[in-house]
Amino acid sequence: MPDAPLTNSPDSLADVERVVPGELRTEEMLLNMGPQHPSTHGVLRLVLRTDGELVLEAVPHIGYLHRCAEKIGESVASFQFIPITDRLDYLAAMINNQGFSLAVEKLAGLEVPERARYIRVIMAELNRIASHLVSFGTYGLDMGAFTPFLYGFREREYILDLFEAACGARLTYSFITPGGVTQDLPDGFLDNLARFLDYFEPKIDEYNDLLSFNYIFIKRTAGVGVISPEDAIAYGLTGPCLRGSGVKWDLRRCMPYELYDRFDFEIPVGVAGGTDRIPREVVAGDSWSRYFVRMQEMKQSVRILRQCVQQLPAGEFRNKPKGILKLPPKEVYLEVEGARGQLGFLVVGDGKAVPRRVKIRGPSFCNLAITKHVCRQVLLADIAAILGSIDVVMGEVDR
Amino acid sequence: MAEFTTEDALRSRWSAAARPRAVRWFSGLGVVFVLGAAALGLLATRLTGMSYAVALAVAVVLLLTGGSCLGAAVVVQYPRAVGRLLQRLGLPLFLLAVAAIIVVAWAPVLLWPDKPLIVRDVLAVVGAVGFVSLFASFAIWWERKVAGRIQSRLGPMRVGGWHGWAQSIADGLKLFQKEDILPGGGDAVLFRMAAYVTFVPALSLFIALPFSAAWVGRDLDVGLLLIVALFGLGVIGVLLGGWASNNKWSMYGAMREACQVISYEIPLGFSLLIPIMVAGTLRLTTIGELQAGGFWTWLAFRNPFTLIAALTFLIATLASCKRAPFDLPEAESELVAGYMTEYSGFRWALFMFAEYAEMFAAGALTAILFFGAWHSPLPAAWGAAWATGPLWQQALHGVVFSGPLWLIFKGIFFVYVQIWLRWTLPRIRLDQVMHACVQFMLPVTMVVLLAQTFWQLLVPAGSVLAVALNLACTVLGALVALGIASIAVYGLRYRRRLVGTLVVDHLPGS
Amino acid sequence: MYEAIAFYLLAAVVAGSAFGCVIATNIVRMALCLLGTLGGVALLYFLMAANFLGVVQLIVYAGGTLIVIVFGVMLTSRAAGVRLRPKRSEALAGTLICIGLLAGLVTLLVRTAWPAAQSEAQAYDVAWLGNELLSTYLVPFEMVSVLLLAVMIGAAFLAQPSGKDKEPEER
Amino acid sequence: MTPSEIVEILKGAFPQAVGEPSADGSHPGVAVAAEAWHEAAVFLRDDPRLRMNMLRCLSGLDLHPEPHLELVYDLISMRPGGAAGLWENAGEIAIRVRVPRDGGRVRSVADVWPAAEWHERETFDLLGVTFDQHPDLRRILCPDDWVGHPLRKDYEFPTEYEGIPAAAASADVKK
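Chains as they are written, first to last, in my numbering: chain S, 1 to 399; chain A, 1 to 510; chain B, 1 to 171; chain F, 1 to 175.
Isolated chain S, as found in the complex (with noise of 0.2 Å):
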């Protein structure tokens, strides 16, 4: 190429032995993907060094959104910062609400009636679903096949118009707050809910047919970036990364919060391919598993749901506190399930309303750090795969 130039090493990249097998070698080159590219889902930037199609190393630089979310926790009470939480993980907003209201809760010794408790799990189920089908979606779409995508949207929108009917807003919610929820279901929710579950079900299956078992994705997506058990556990990766290696390990489950332990539900993880429906290719731990964990985890939150829809209690749906809410001198650390990990909350009060301290755990940052392991060796269309794969938000990563 022109003038171009081929060495714009970080120094990370300088030394790193060549490590490709086979004779066959043309130069190497240094390939900047990102941070505005399609398939790094926000702006993420990644140092790809290449020889041809292969990737011998990719180095993840974050950063760009980095928008001082716990610097600002340490400025306004923990009220306020209920909308900071909104932006994290912006495609789950409702669960980013929640792990922060439960840490402040916790720490404020709190009470939330039982409505909205079951409130809260509708909200962060639905939410969970609509993550997912963003996630779905834009996977298809990193593949190449646009056409999930607008299924995904499509679907997503309706959970979209429920979150909407409940709290006016389609994205950033701010609707789960210390004590409760802002506001009650509105009239007409639950039978709305109702009627979407029974639609959406079975799209569930459509849309395994149409994508998860398509043989071109099954090809492009099994076998690739295989993470191990082990190495999940030790990069501290969570949610489907996690279960999809295999890991049958859910906070919902496991070390339950709300009211998860009263729901009958399963924890879907990541198998080898041969039984069952899943494909003879599939590895456990590979991209095509934590892609189909994500799929079968919606129908566990329309599960959930039913059984929320049923047992919906009446009642209050907030306990609001008297008067500003001061966090005691003490500290805690609470994550909870979110859509794509375990989103933790560390909140440090000294007697003010606003906290000393507020640290977020973004499962993304967590997940995201494994790149630079799985990416190793793989050919330059497998980038893709293995970050969609993911599913990181940059958002929650960069806070």
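Derived from the structure by calculation, the hints contain no laboratory data. Predicted model only: the values in this text are computed from it and were never measured. Any given hint could be a false lead.
What the hints assert, rightly or not - Straight-line distance between alpha carbons at most 30 Å, and here's what the computed DSSO-like set of lysine-lysine pairs gives:
#, chain 1, residue 1, chain 2, residue 2
1, S, 248, S, 322
2, S, 71, S, 299
3, S, 71, S, 320
4, S, 326, S, 106
5, S, 71, F, 153
6, S, 352, F, 11
7, S, 320, S, 330
8, S, 320, S, 106
9, S, 326, F, 153
10, F, 153, S, 352
11, S, 352, S, 106
12, S, 352, S, 320
13, S, 299, S, 248
14, A, 174, A, 145
15, S, 248, S, 106
16, A, 145, S, 203
17, S, 330, S, 106
18, S, 372, S, 71
19, S, 330, F, 11
20, S, 71, S, 352
21, F, 153, S, 106
22, S, 330, S, 352
23, S, 330, F, 153
24, S, 322, S, 352
Once you've looked at the hints, dock chains A, B and F against the given chain S.
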């Protein structure tokens, strides 16, 4: 440089003062031009010979200019009324214009039987360029409509009125106006050339592509080979464009394209050999005329090997037209847009035109070689009387039994298949593309080639075995066609009307 | 007359691009010029009603060899970006060789007794060509085939990965 | 396994380095001396009784005006063998490591839990703790040329960055 403010952006170009001024100018100029044309016309009646022709030509040009000016004045004065009128009458007017142009272009052919070859060639070139641009506009619009329907959207609905029919024209106008950006550090000459190097072969293959036995630019004895050669030439433009863009992603796209197209030319060539062997010629018109007698005579249904060859040919054309699932060179989720990343405006449009031209050529070639060329599925014997009857009967014969319309229809059908696949399937990875070529396509086509050789040596035409397998393949083909048709009918029967918004209240059951 | 115009036009294109190919300093531009030359020669063949030869020229040289050249240039490290400036001695040597070649060709052209132009061109179509190749010229044809086979085997042998890692990317 | 049991096992192995468990029941943890932290980390991970295989989170706290920064490592032991193939929580604990505010250094545990790599980079970036023997200790969220460590309580907001003024915004925040 003066700063461009938001107010500037918001200010309408046709401000209150500008509009009457423009109307005055346009109408004034228009009247002057028209009067001038009239005067010149009057003058011309007095003249003779060359000067008469020149005066007449100038008068016509003046008249057209004046008319345009008057038209512009009307548009500026009554933009909304003209817009509404265009929404109503745009499509009929457009279709009329196309028909008129075709008639005007072909009138000399019909009225001038002993035309010199040069006239025929000029017409063929004009026809090819016209067809390609018209088809590309249509196909882009159609692809967007089909994609929309597949994705439960509507696709373009606004421009021009009826289902956004003028979308491509509007896009084309937009592309013409766009800035022609040259990437910094790139090779400007090669960057400019690349678009033409891609476009010219894609266009020139239409010279040898017969639309029917009579409707062909040049009926070459090596027509098929020429088309295949020109198919392969477009790659050079893509390679040069990708390289000259000074963009690593473009480079990747160009490399992928070269790898893929060169590799798939081999199975493509082997699949081509089957119809060549059956027909014993490279002349496309002869191959086409071989399949005149109803759809059981189509080459694809001749015997199992030709059927397999037809399928491998379809797959190979997908790869050489870089359509999904082989769209790696422009894979938007991996390479952004591959070799086209740095192109904009008209040059980008040239690449698109080339792509759609190649798509149609591939579809038409599939039809000519395997699926009955320009013949309808009806047996030719039924229409034999019409073929030699009076002119209206011949015209009817051309529509019902065999003629360019059938080839265009079939070509569009295969283009539709390509669109359909693109919006349904994910993309293959590069190593899988190569693997599929070398490990699957190549052996299959070679075996088929060998088998076809022995078939032709050992199984005489008309023998029981030949007839039986011909029948079996025909039935299979008919069943597949019936299946597709029934799916289409089912879809039409149970289609759900798309509502404008996706709200829970519109869910089924409410 | 048309033929004459077309011939001179094409000849100009061929000669011009050949000249450009020689004087270009960038190897990829040379490839583009080569495309002009090879394509122009193909068109000259068409002009002489040697359709088959023209098409083969397009397929083999313009569509095949040229792409492989461009491809190879781009793959081999930074050759594509290098500006080629011949040394004076090289230029001199090249000029001498070209002059020698020109002299030889001109001599040949002048000495050969050309047959008078045939009044009507014989229709040498593809079928005739095929028959001739497989009957009259069978031995040379087959020898060329054997040569090509040997080249293919040699290429396969060279490309074969030596050592342990036979399959770099097993999927 | 309860946090106090974990602390006892840890104390058995490192009597000097391990402090008293924190009284605050909402986030049970134990202080470990910075010098012994890496050994303790290996022990926590490898001891068959503990097997703290996942580092969930690393939070840095600024204890201003005390001259210390506190690093809180949240560890959990995940083991298979629950009902229906479920993995279970076999104990969790927060390890607190104190380092001085100025020039605080601690040995990196990225070799013990790879998850620590990015967490440590973040703590280095935002709080200014140096992790020795870290494979790639660079800023992660802030740009490489950023000045200061934003999560420190005495952090001065810059008035501009690379010529981009931020004076008005920083004035607001300072109040």
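Taking the hints in turn, this is what the structure says about them:
1. Of the supplied pair hints, the one linking residue 248(S) and residue 322(S) is violated, its CA atoms being roughly 41 Å apart against a limit of 30 Å.
2. Pair hint residue 71(S) plus residue 299(S) does not hold up; C-alpha atoms about 38 Å apart against a cutoff of 30 Å.
3. Annotation: proposed proximity of residue 71(S) to residue 320(S) holds, straight-line Cα distance about 26 Å (limit 30 Å).
4. Between residue 326(S) and residue 106(S) the alpha-carbon distance is near 12 Å, which keeps this suggested pair within the 30 Å criterion.
5. For the proposed pair residue 71(S) and residue 153(F), the alpha carbon gap of about 10 Å is at most 30 Å, so the pair holds.
6. As the CA atoms of residue 352(S) and residue 11(F) are separated by approximately 35 Å, the hinted pair breaks the 30 Å bound.
7. For the given pair, residue 320(S) sits about 21 Å from residue 330(S) by alpha-carbon distance, which is consistent with the 30 Å threshold.
8. Pair hint residue 320(S) plus residue 106(S) holds up; C-alpha atoms about 15 Å apart against a cutoff of 30 Å.
9. Annotation: proposed proximity of residue 326(S) to residue 153(F) holds, straight-line Cα distance about 20 Å (limit 30 Å).
10. The suggested pairing of residue 153(F) with residue 352(S) holds, with an alpha-carbon distance near 16 Å, which does not exceed 30 Å.
11. The suggested pairing of residue 352(S) with residue 106(S) holds, with an alpha-carbon distance near 16 Å, which does not exceed 30 Å.
12. About 18 Å separates the Cα atoms of residue 352(S) and residue 320(S), which keeps this hinted pair within 30 Å; it holds.
13. For the proposed pair residue 299(S) and residue 248(S), the alpha carbon gap of about 17 Å is at most 30 Å, so the pair holds.
14. Only pairs whose Cα atoms come within 30 Å are accepted, and residue 174(A) paired with residue 145(A) is accepted, the gap being roughly 19 Å.
15. Restraint check for residue 248(S) and residue 106(S): the C-alpha separation of about 27 Å stays at or below 30 Å, so the hint holds.
16. For the hint pairing residue 145(A) with residue 203(S), the CA-to-CA distance comes to about 24 Å; that is within 30 Å, so the pair holds.
17. Only pairs whose Cα atoms come within 30 Å are accepted, and residue 330(S) paired with residue 106(S) is accepted, the gap being roughly 10 Å.
18. Proximity of residue 372(S) to residue 71(S) is assessed by CA-CA distance (about 28 Å); at most 30 Å being required, the pair is judged to hold.
19. As the CA atoms of residue 330(S) and residue 11(F) are separated by approximately 24 Å, the hinted pair is consistent with the 30 Å bound.
20. Annotation: proposed proximity of residue 71(S) to residue 352(S) holds, straight-line Cα distance about 16 Å (limit 30 Å).
21. Using a Cα cut-off of 30 Å, the hinted pair residue 153(F) and residue 106(S) holds, with the two alpha carbons roughly 25 Å apart.
22. For the hint pairing residue 330(S) with residue 352(S), the CA-to-CA distance comes to about 11 Å; that is within 30 Å, so the pair holds.
23. A threshold of 30 Å between alpha carbons decides the hint, and for residue 330(S) with residue 153(F) the separation of about 18 Å falls inside it, so the pair holds.
24. Annotation: proposed proximity of residue 322(S) to residue 352(S) holds, straight-line Cα distance about 14 Å (limit 30 Å).
The structure does not agree with the numbered hints 1, 2 and 6 stated previously, though it agrees with the rest.
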